[in-house]
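*Asks:* Going line by line, the protein sequences match chains A and B. Going by the numbering used here, the first sequence opens with residue 1, and the numbers climb by one from there. Going by the numbering used here, the second sequence opens with residue 1, and the numbers climb by one from there.
Keep in mind that the hints were calculated from the coordinates and are not lab data. Hints are supplied without guarantee of correctness; some may be wrong.
Claimed, not checked - Which stretches of chain A does chain B cover? Using the computed rule of at least three CB atoms under 8 Å from a CB of chain B, they are:
id	region
1	9-20
2	51-62
Claimed, not checked - Using 30 Å as the maximum straight-line C-alpha spacing, the simulated BS3-like pairs for lysine-lysine come out as follows:
id	chain 1	residue 1	chain 2	residue 2
3	A	Lys-2	B	Lys-65
4	B	Lys-18	A	Lys-2
5	B	Lys-17	A	Lys-2
6	B	Lys-57	A	Lys-67
7	A	Lys-42	B	Lys-65
Said to hold, decoys possible - With the C-beta cut set under 10 Å, the calculated list includes, among others, these residues of chain A facing chain B:
id	residue
8	Gln-6
9	Gly-29
10	Asn-92
11	Gly-95
All C-beta atoms, glycine included, are put in the ideal place defined by N, C-alpha and C.
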Amino acid sequence: QKEVEQNSGPLSVPEGAIASLNCTYSDRGSQSFFWYRQYSGKSPELIMFIYSNGDKEDGRFTAQLNKASQYVSLLIRDSQPSDSATYLCAVNPSGSGYALNFGKGTSLLVTP
Amino acid sequence: EAQVTQNPRYLITVTGKKLTVTCSQNMNHEYMSWYRQDPGLGLRQIYYSMNVEVTDKGDVPEGYKVSRKEKRNFPLILESPSPNQTSLYFCASSSRRQGTRHEQYFGPGTRLTVT
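Take the sequences, apply the hints, and build the full model.
*Replies:* Take a look at the structure:
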């Protein structure tokens, strides 16, 4: 089984702070990495994707990928209470075609 | 609007009564998939389809059936539902076009309760 691991949290940060969410994966040949945001009872929503080592920024979100360490992270700058949700890390493992393996998610709570 | 739709959104049924959850996408995506999500277990793939008439088992296929007769539709069938199939179900789709990277788009979910 190709694992995707996330700390379940909850991760609590004050409003305006940087939230840092981490994910490790077991399949060294994985090529594509995604972050989904899921509000309670709602469907996962794609917020970031990254394929190359390094950083990718989109607004307040930055995804970071380190394939050598098999580590992907999501930074949320200037966190807002509306960012409070569960963040799912998803990985497309090598040889899996179009399947995604999902982590169990990290719960983020942004306190006013 | 590009979207994945599911029906019904909520369903309460009894053990053994066959049911179908429909899924439809309007993005001309080739790949479609069904997941169930349970507390503490995360998203688990039930079945997927690479294209019309091509389906395969995911991680937890027992007790489920699927069909893919049209590109846009991918219904999930529970022939004889049991209480352990009480869950939140998501349909998702993805493009196989050159240059896309398998990002999946999810439907709104179907909350199923089997008593």
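*Asks:* Could you run down the list of hints and mark each one as holding or not?
*Replies:* The hints, checked one at a time:
{"no.": "1", "hint": "9-20", "result": "violated (count 0)"}
{"no.": "2", "hint": "51-62", "result": "violated (count 1)"}
{"no.": "3", "hint": "A:Lys-2 to B:Lys-65", "result": "holds (25 Å)"}
{"no.": "4", "hint": "B:Lys-18 to A:Lys-2", "result": "violated (33 Å)"}
{"no.": "5", "hint": "B:Lys-17 to A:Lys-2", "result": "violated (35 Å)"}
{"no.": "6", "hint": "B:Lys-57 to A:Lys-67", "result": "holds (29 Å)"}
{"no.": "7", "hint": "A:Lys-42 to B:Lys-65", "result": "holds (24 Å)"}
{"no.": "8", "hint": "Gln-6", "result": "holds (9 Å)"}
{"no.": "9", "hint": "Gly-29", "result": "violated (14 Å)"}
{"no.": "10", "hint": "Asn-92", "result": "holds (5 Å)"}
{"no.": "11", "hint": "Gly-95", "result": "violated (13 Å)"}
Hint compliance for this structure: hints 1, 2, 4, 5, 9, 11 are not met, and every other hint is.
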